[in-house]
Amino acid sequence: MNAQVEDKDYYAILGVPQSATEEEIKQAYRTLARRYHPDSRTENVPTTLFHEVQAAYAVLSDPARRRAYDRRLAKMGIGEQAAIAWDIQLSQTQLSAQYESQVFYVLVEIRPAAGSKGERLPLNLCLVIDNSTSMQGARLEHVKRAAHQIIDELDDSDILGVVTFNDRAEVVIPARPLTNRIHTKAKISSIIANGGTEILRGLQAGLAEIEKHRSPQVVNHLILLTDGQTYGDEEDCLAVARLAGSQRIGISAMGIGEDWNDELLDQIANQSGGVSAYIASPGQVRTLLQQRVRGLGTVFAQGLELTLHCSEGVQVENAFRALPHLERLTVTNGTISLGALQTDAPLSLMLEVGVAQKPPGEHRLLRLELNAEISAQGNRRERIWRDIVLSFVPGEPTPQPVPAAILGTLSKITIYRMQEHAWESLERGKVKEATRQLERIATRLFDLGESQLARSAMLEAGRIARSGISTPKGRKELKYGTRSLTIAPRRKSYD
Amino acid sequence: MIECPSCGRKHRPGTLFCSECGVYLPTGGPLRTEPLPEEELPISRANPWASEPAQGRGETPPAPLRIEVVSTGRIIQLPSTPEIHIGRLDAAHGIFPDLDLTSDGGLESGVSRHHCKIHQRGSTYLVEDVGSANGTFLNGQRLTPYLPHVLKNGDELQLGHILLKVIIENPSDAQ
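Chains as they are written, first to last, in our numbering: chain A, 569 to 1063; chain B, 198 to 372.
Bear in mind the hints are in silico, worked out from the structure with no lab data behind them.
Please note that a few of the clues may not be correct.
[Stated by the list, open to error] The list that follows gives simulated cross-link-like pairs (lysine-lysine, DSBU-like), each with its CA atoms no further than 30 Å apart:
#, chain 1, residue 1, chain 2, residue 2
1, A, K576, A, K594
2, A, K753, A, K780
3, A, K1000, A, K1041
4, A, K712, A, K780
5, A, K998, A, K1047
6, B, K207, A, K998
7, B, K207, A, K1047
8, A, K1000, B, K207
9, B, K349, B, K362
Quick caveat, the model's predicted, so the values are computed rather than measured.
So here's chain A without its partners, still in its complex pose:
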């Protein structure tokens, strides 16, 4: 019973801020009690809501109990002192009780709370560089140059290891603090290309280097740079990535050129809470690697997990991350793993929720619970939650404008999903359908002013119509292009 009491957010139940005065609390109680009272004829609501309101008022109306409750909240990292802030917006606040099944959307934006400070954590970084024969020339040279730049930017207290791999892995620089930069750079310059591509060996050697200095007080991260397919060890790579994720080691996977396995690299990153990126030309290696390492330097919280407690008849059908980049999120046992939160890059995600028919009245459909470790504050654990309550009305709900943030994000997620759908159709041999879908994507992209990406979609649609197969380049351009739609609007054409 006791644990359950602690679970309730009394302020949220009464709908008042933690700073509310006694009078405001009394007011809120009166309104809600009238609405939820079992004798009330106007609304058909479960009596549990009424009891919750009473319990909340009992605590908050008594100054001594309220102070004790505030202290308990603060201890749990909830309440006004919470280090993480979140905004939750709904596509609608009213649903109709007449539909058998309907949909609404929840946009969750997560960022460090204003005024909550954090220190830069030292990095425990390992670069895992593909030095197979195909990397020879411009690709490897650009990777080396990018690595040199990283070395210049890292702090003395950061730890860096460098591993190369082809058919086997070699530790070029064992993980250690960056004290002798010149030596480290010289070692990197001496890397030469030779042999095949076996990603698993590279990952294992890289993780072994990270393991030497792994601790919760640093940001443990592996950056994989490759340009090729790995054969036969995909499953093992994923298992290794999952294990890394469970040990708070993120893996960022960067594919150079067109010939790498995008699904594998996406999953490796996804499983470990890292990110994947497409590097179209070797010249971009430096910028992307630099961005990633700078991002790691601003990690504020790690191990973010969003748990979805759905009420009966409610199901989160699709979940997408919209920021820092667009990506489909997997819900495992009601929990979504979100990785790290950076100081300068808010996280935002979109949930598509399906609801079965409910009688008129207020219903709590969903509770969102966010758990995180605030790395910047000595790994303090923090848990915040929010209830999603919607009211069901007998007829059609009063039309309300959908928040612009939801529309903007959803319009881009829609394009991303259309793209996913197109590749699926193609895999199932439905060439005509895939072609039509790509053409529709092109139309939407033109509307968004993304003319370059739209042209890629049109070209790819043409190629597929002719040959029945997609090109690795077109596929990657579209996938990673639509994925970064949420990041920055690049409008080039206007009406």
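For chain A, the structure is supplied; the task is to place chain B on it using the hints.
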């Protein structure tokens, strides 16, 4: 169930975008900007070469930019991004201007969805018409589309029939 006006696919109530063709379901299509009668708009054209910035090379960023919508008195603090888009929101087509004039009667006054943009170069702001249906006017003179003009504090911008006042000053200087 609701039916997509474009492809006919059926969706559950509450769905916002058609998963098949990407259309925004509540409206099914955009509201088009109608051209205004020519005689209602000023005729003189601004000379783009006269106002090309020679002084725009300064390194210090300009003071924050605010826009006052004269008819409604609404004052908007614009973001300090390199490019600021002004127009009308059209969610169906993913057009989300930084300054949305819908609530100021933008559609009736002939504001295009993409009407004009303001960019920051050095220590100055430049305004550029982006091929709008009814034109952008700077102090009563029509701008040639896609040619940037320097914006100064106190300038008047007209988008279709909507009059905007440009305020470039630090809020502290005003007092």
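We went through each hint and held it up to the structure:
no.	hint	result
1	K576/A <-> K594/A	holds, 18 Å
2	K753/A <-> K780/A	holds, 21 Å
3	K1000/A <-> K1041/A	holds, 20 Å
4	K712/A <-> K780/A	holds, 24 Å
5	K998/A <-> K1047/A	holds, 19 Å
6	K207/B <-> K998/A	holds, 21 Å
7	K207/B <-> K1047/A	holds, 26 Å
8	K1000/A <-> K207/B	holds, 21 Å
9	K349/B <-> K362/B	holds, 10 Å
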